[in-house]
Structure formats: structure tokens, C-alpha cells
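Asker: Chains as they are written, first to last, in our numbering: chain A, 1 to 440; chain B, 1 to 440.
Since the hints were derived computationally from the structure, they do not count as laboratory data.
Hints are supplied without guarantee of correctness; some may be wrong.
Pairs count within a copy or across copies, as identical chains cannot be separated in the list.
To be verified - Computed cross-link-like contacts, SDA-like style, restricted to lysine to any residue with a CA-CA straight-line distance of at most 20 Å:
| hint | residue 1 | residue 2 |
| --- | --- | --- |
| 1 | Lys324 | Gly125 |
| 2 | Lys324 | Gly31 |
| 3 | Lys324 | Thr37 |
| 4 | Lys330 | His113 |
| 5 | Lys272 | Leu236 |
| 6 | Lys330 | Gly31 |
| 7 | Lys324 | Gly99 |
| 8 | Lys272 | Gly245 |
| 9 | Lys272 | Ser379 |
| 10 | Lys330 | Thr37 |
| 11 | Lys330 | Arg39 |
| 12 | Lys119 | Gly31 |
| 13 | Lys124 | Pro331 |
| 14 | Lys324 | Ala116 |
| 15 | Lys272 | Ala409 |
| 16 | Lys124 | Thr97 |
| 17 | Lys330 | Arg152 |
| 18 | Lys330 | Glu28 |
| 19 | Lys272 | Thr169 |
| 20 | Lys330 | Ala116 |
| 21 | Lys324 | Ser4 |
| 22 | Lys330 | Ala32 |
| 23 | Lys330 | Ala27 |
| 24 | Lys324 | Arg36 |
| 25 | Lys324 | Gln3 |
| 26 | Lys330 | Ser4 |
| 27 | Lys119 | Ala32 |
2 protein chains.
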Amino acid sequence: MSQSLRLGVAGLGTVGAAVVRMVARQAESLGASTGRTIRVTAISSRDRSRDRGFDMTGITWFDDPVALASSADIDCVVELIGGAEGPARETVEAAITAGHHVVTANKALLARHGAALAKAAEAKGVALAYEASVAGGIPVIKSLREGLAGNRVSRLYGIMNGTCNYILTRMEREGLTFDACLKDAQALGYAEADPTFDVEGFDTAHKLAILTSLAFGVEIDSEAVSVEGISAIQPLDLRMAEELGYRIKLLGVAQVAAGGIEQRVHPTMVPKSSSIAQVMGVTNAVTIDADAVGELTLIGPGAGGEATASAVVADIADIAAGAKRPTFGKPAQTLPSSPRVAMQRHEGGYYIRLTVHDRPGVAAGVATRMAERDISIESILQRRSESAAMTDPHGRSGQPVPLVLITYAATEGTIRAALDAIAADGLLAEAPQLIRIERE
Amino acid sequence: MSQSLRLGVAGLGTVGAAVVRMVARQAESLGASTGRTIRVTAISSRDRSRDRGFDMTGITWFDDPVALASSADIDCVVELIGGAEGPARETVEAAITAGHHVVTANKALLARHGAALAKAAEAKGVALAYEASVAGGIPVIKSLREGLAGNRVSRLYGIMNGTCNYILTRMEREGLTFDACLKDAQALGYAEADPTFDVEGFDTAHKLAILTSLAFGVEIDSEAVSVEGISAIQPLDLRMAEELGYRIKLLGVAQVAAGGIEQRVHPTMVPKSSSIAQVMGVTNAVTIDADAVGELTLIGPGAGGEATASAVVADIADIAAGAKRPTFGKPAQTLPSSPRVAMQRHEGGYYIRLTVHDRPGVAAGVATRMAERDISIESILQRRSESAAMTDPHGRSGQPVPLVLITYAATEGTIRAALDAIAADGLLAEAPQLIRIERE
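Chain A extracted, bound-state conformation (with noise of 0.2 Å):
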């Protein structure tokens, strides 16, 4: 067996203490499958004195993690650290400098430095690992990198963010309002206290930005990427959904668009019979459109120090093993950077709901924006409150009423211009939700 590999672990939270827990425990394993002894042998933390539940024997402590990433007694540091800039970023720097080998959790290191970064380890000749920055212990960083080596990607799309798939399931199952959700969710530890990167879509969208990077072969933007998050929808959204055979998740799309890579994060009608639609909870799942394959969907846990410290024990192992790809699947130099697409330019089908007034020909009005710009409508839905339907005879209230729109294939433009005609129509007592479709 050849030298063993010695790994300085930076970071020992939830995931940095199960990483060190799990390679002592899997050491035999590790060993005959990797050829080669894997052992912590330096860690770093704020806090020495916490008891994390693992021996301390052998291993050399350092205060300062870049000083640990620049140690000669190791050959690969383990940055889980978390943040993309200070201490982070600068101990992956320092390691890749040393000539050492990075295993990374930290997505937004990645989105923003990735390329730089990339770069820099490649030049050095060391890996740059980072399969636990995206979907927690799903190993879809290493599907896309290798197991779809020979496919072209046309476009990949997940629910890559546990606390809002937590959120959306519940108002769904339970019909409560986002707010109500957050909370439980903060009380059950999976929203932070200030949750907006979760449920604003910006985590989603880091992780997006270096899914598209790996499958489409482009330099990672995470700038590229239009965001929006899920805290304007309501129960009714949900109900709606429901009834018209959709489920709404927040999804990560990335796929291939006239002009570039589109990039877009949002809350999304997914067909109730796609297996995307059966993720509930805190579970991520992502699926990939390729020329080969098909369709391949990846389901599993998101989050978790144990599941984040398995796909962080995934790379380490490839790394002792000898496994050598192009962090991005080629070689960072030559990436080209992708023209953002403008999601005005997106096409899609649409869920639109308006909140009308209830007056003779408030739907003929909208139809007829809608046709006047060739958007066609697949299905319509109006509801009246029971107490609307009993004060007038013909039903109509003129009350605010919901009134439900799914289109067939349209740009994102083109709808938002007849939105803004039927506002202009003074048809609308609330401005429109719009939710994007997303079909298998």
C-alpha cells in the first residue's frame, strides 16, 4: 500500500466533526478501496476545548487554519470553514499555494472564486473536490463529472434547498401560510434565524451556478443566475396547483437557450407525476436531461452532517485514490463564459393568477390581451366566494376574485406585456403572482 494520505481538516462543526468521526470508522474500508491509509492527522477549529466525540491522539491541532492549510505534514485540507470570503478562502488559497489537495463543502466559495480557484489548483496540479457543496450526500457532482461522461447535458434542473422544500410541503399538506411554515421551520432548526439566503433562492442559486459550470462545460457566474424565492406564495397557489395536477417546488433550472446557458432559480409548477414532484421535506433532488440518457434523477438528503460528511469522504477517497478530472470537467483555462440569457427571453408555460374584479367581462378582457399577443391559453380557472355568489344573482360580486391562467409556451416578455395591459385595463385589484411551469 503507498504512502498514507493525510488529511488537515479546517472547520469542525456538525459536518468537519462527522468527516473525522467517518474516516476513522471507515478506515479499513477506505483502505482496500482506495489502496492507500487515510488519516486525519491536523485539525483546526475556533472552539479547542469542545468535546466532538473522536480522539484527539495523533492528530496536531492548529488555531489558525491557514496556518494548518500550509503545514508540509499534509496532503489534503478539508475547507469546512464555510463563507466566501476571510478565513475560507483563504485557507483553500493557502493549500492550493502548498501544493495541497481541497475537498470543499463551501458553495459560496465556489460561486463566486470557483473559476479563479479552479484555475489555480489545476496549475498546481492538485484536485479541488467539492461534491458536498451541492445536494448534501447526493453524488451528483460525480454523475454529471463522470457518469454522463459521454453525454451532452441539455438541461438539469433540482430542488436543492431542504428548508424551502420543508416550507412548500407543509403549506401544501397543511394549507398554512409561508409565514407560519418559516417559523416551525425555524423552531425545528431548518430555517436560520434570518432565512432570506434560504427562501429568497440565493443558496439555490450557488449551487445551481456550479451545477452549470460541471454539466454545460462554461465558466461558473453565479451572477448569471435570475433568482427568485418562494416567500410570495400563497395556500391558494398550492390549492390551485393541486387542483390543475402540479405541485409547486423551488427548483434550480439550467439549461441549454438560444444565445447561452439559461440559469434560473424560482418557485416552479412541476407535474404531479414527475418524480420530482414526490420530494417532500427537507429532501433534495436533482434531474438530469442528457442526449444518452435520458432523464436521470437523484434523490436524496440535502443536508445533515452526516450526509454532508459522505460526499466530503466521497472526494477524499478519489483523491487517494488517484482520481484525477478537471475540477469543471475541463480543463479551467479553457472554459468559456457563458452570455447570460435575460429571463425576459425565456419560454415556458405559465401559471398566472389574477386577482380580478368581479364584473361582466373581466375575462374576456384578459383573453383578449392574451390572444392579442399570440399567448395561448391552456386551461382557466375562476372561483367565487360562496358569500360573493349569494349577494348578487348572477354571482358577480365585484368583489376581488381569483381568476387562474395556465398557458402553453410563451416568453417570459411577451406575458409580462399583457400583464401590464390588463393592468393598464384597470382589471386587476392586486398585482398578478406569476409561476413558472417546468414540464418533464
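Using the hints, position chain B against chain A.
Answerer: Relative to chain A, chain B alone:
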């Protein structure tokens, strides 16, 4: 870029031809991701004259695949001949002897000779790669071997035969008989003229044996798989499953049990809400339960030229990139054989459909025989035909009627003993139907 990887492809059916085209089509990206040029330089097939949609320029033709496998001018043999013996086995053995890497889609060969071939390949220091042998385009071998390297697997189960899943899907959706659906499957090319190998579960058993070896670190032993096919499933069973909240799928299941690894293939009741229950038609799926990752499910195409070629090319790319892992995760010489676990000792829930004489006291008699053996009944469902109800004021016709029981966990031996006692009591008009339940 280092020396190119020269492929010899033996067998040019749908998959073989797709592999040759894919290697040419993806030449640039495969080179960029693996650091080596990958080229098909030799081919062999039975019929030289057929047009297979690719350019033969620069490719050496071999009439004899064994001669191709022994050629000094190739680095890697892609065996797509099929069959556990004869030319396929001789080709793989010749390739290993000649020091060439081997990529194969041949589940039958691996199921029967996998242990010996792995030892031979590892002794020669060459790869024996077989992603395409299980679940077509789904990267399940890679996920188990590499993606879950830090995990201990406790159970895996999957839909690994598209023919069976197609037939069960049609039976469920259209209320048709097994025979009718089989005929349609044959007409559509989803089933062979002699469908025994697929519908009686042997194909799934081969695939399960391969996954078991890899997931649990034991020597491959397809004789240890308990096998039962779907030909005895009746439309009534699918209707009952629906009513009780289940679907019926032909699963291959391997799990840690007292005394070894239980390997079994049989029609299975799975909860309608499970990921695997959503898998319809010829699609395949595998769910893996492991200590760190929890539950991981992979869903994708289980067959088809392009999808299978996708898995073959992924293996080729791994070899080009220099990836080196033992065939079954650990050195083949070190894999222990796993004691066979008798199905009688299997413990789980059961769906039992009895056909009883419609007389007073029958249900009580059945329940008594169950209770005597401490078998707890979760639910019981009795249906009388309307005509039966009309002929007798108490709704009892004396005619055979179905009586369905769902049990809590019990051993198969106990269940069978109870059914024997019930039969000896003269309560049964037909042999009982028994379908195992697999819970999430």
C-alpha cells in the same frame, strides 16, 4: 496529453454501435475531461457487411473477438457480445491475459464468473468495469463504489428489469392480465420471444448479485439469490394493492440479515408514497440505505442502446483518467463469501390473498391460525361479488371469495406454517397468493 487510449469493441449490436458513435461524437470533451484521446481502433462482430452508422476508416476489423482481445494494438476491450459463456467469456479472459482493461455490460458473465474474473484482472493490474451491466444508464455502480465510499450499506433494493416494470405498470393502469401485457410487451420489443429470463426474475437476480458484492463487500454469488417472478400476479392483486396504499413492483432486495446478506427477487408491495413506487414503464430505479447518507434513490433508463452506451463510455472515461479501484470495491482476493440466508428466515410484512369458501367462521378460522403463531394482522379486506350477495340473504354464497390480509413483520417460515394449517383446515379453495412488503 498522454498517449491515447485505444479501444477494441467486441460486439456491434445496438449498444456496441452506439458506443462507437458516442466515442467519436464526444471525442473532444472526453479528451478534455480525461486528459487522453480516446479512439476506437478495432472492432469485431458477426456480420461485417451491415451499415452501423459510423465510419470504419482507421478501424481494424476482427472476425474473431478473441483475436481482437489479444491484439497488442489496443489498450481496452469493450465486451458487448453477451452470454455467460462462449465468445464473451473467452474474449474477456483473453483481454485480461493480454493485460488489457475490460469494460463490459455483461451481467450474466459477471454473475457467474465475476469473482474469478475480478481476481484475474486485479492480478494483472487492469480494470474490469461493468457500470452498464446493472440498471443501464444509471450510474449506480459508480455511486456505490465511489460516491458512498464513507458509508456502510444496510439495504438496497431496485427495479432493475424494464420488461417486468412495463408489464406491472400496464396491469395496474389498465386492469389487464399478465398474459395480455406480456404479449403487448413482446409486440413492442420490450420482451423477448422467450420471456422467462426477464419475467421470472433471473435477469434481476444477476444484477442484484453484482450490486450485493459491491455494496456489502462479499464475493458475488448469484446462486444465493432467492428468485420469484411476476407471472403469478393477478389484476386483483394490483387492485387490492391500490386500495391498501401500495404498488406492486418486481424488486431485487439485498440487506444485512442475521447470519449474512439476504438476497431476494420477488414481486413486492411498496408504499405508494415511496420514490420507487413512482417509477413506471421501462424505467429502472435503485434505492440504497446507508448509515451516513440515509436513503439515496437513483432513477433512470434501464436499457436502450444510447443509455447503456452512456454507462460503457463512463467506464471507458474512468480508465482513460487513470481511476483505479478494485472491481468490487475491495481487493477480490479478500472478499469473503457470504453465507446464504434462507428465505424461510426472512422477516417482513406480508400481503396474503386467500381464496376462501364463503361460509360462516372462515375469517375467524384464518385469524386463529395466524394468532396461534403470533402473527399480527395489520388489516383485513374481504370482498364479496355482488352476485354472491344476491343469492343468499346473509350475503354468503359458499362460493370462493378473496380474503386479503396484511401482516405486521413475521418470518416467512411462520407465515408459511400458518398457511399450511389454514389449508389443512380445508378453508382454501385455491392456493394462497403471498406478496412480500418492503417498507421505506
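Asker: From the Cα coordinates, with 20 Å as the cut-off, is the pair Lys330 and Thr37 best called within, between, both, or neither?
Answerer: Close across copies (13 Å), not inside one copy (29 Å); limit 20 Å.
Asker: As a check of your reading, is Lys330 near His113 (CA-CA no more than 20 Å) within one copy, between copies, both or neither?
Answerer: The answer is within: 17 Å in one copy meets 20 Å, while 37 Å across copies does not.
Asker: Could you place Lys330 and Ala32 in one of the four classes (within, between, both, neither) given a Cα distance threshold of 20 Å?
Answerer: Between copies only: 5 Å across, 29 Å inside.
Asker: With identical chains, the pair Lys324 and Gly125 could be close in the same copy or across copies; at 20 Å between alpha carbons, which is it: within, between, both, or neither?
Answerer: both (9 Å within a copy, 18 Å between copies)
Asker: For Lys324 and Gln3, with the copy left unspecified, which applies at a CA distance of at most 20 Å: within, between, both, or neither?
Answerer: Both. Shortest intra-copy (18 Å) and inter-copy (16 Å) distances satisfy the 20 Å Cα cut-off.
Asker: Have a look at Lys272 and Ala409 and pick one of within, between, both or neither, based on CA distance no larger than 20 Å.
Answerer: Result: close within a single copy only, 19 Å intra versus 32 Å inter.
Asker: Between copies, within a copy, both or neither: which fits Lys119 and Gly31 at Cα up to 20 Å?
Answerer: between (30 Å within a copy, 18 Å between copies)
Asker: I want to check one pair: Lys324 and Ala116. Are their C-alpha atoms no more than 20 Å apart within a copy, between two copies, both, or neither?
Answerer: within (18 Å within a copy, 29 Å between copies)
Asker: Tell me, please, which holds for Lys330 and Glu28 at an alpha-carbon limit of 20 Å: within, between, both or neither?
Answerer: Only across copies: Lys330 and Glu28 sit 10 Å apart there, 33 Å inside one copy, limit 20 Å.
Asker: At 20 Å max between alpha carbons, let me know whether Lys330 reaches Ala27 within a copy, between copies, both or neither.
Answerer: Answer is between; shortest inter-copy Cα gap is 13 Å, intra-copy 32 Å.
Asker: Give the relationship of Lys324 and Arg36 under a CA distance limit of 20 Å: within one copy only, between copies only, both, or neither.
Answerer: both (16 Å within a copy, 12 Å between copies)
Asker: Since the copies are identical, ignore which copy is meant and state whether Lys324 and Ser4 lie within 20 Å (CA to CA) inside a copy, between copies, both or neither.
Answerer: Both, since 18 Å and 16 Å are each at most 20 Å.
Going down the numbered hints, you'll see the structure goes against none, and every one checks out.
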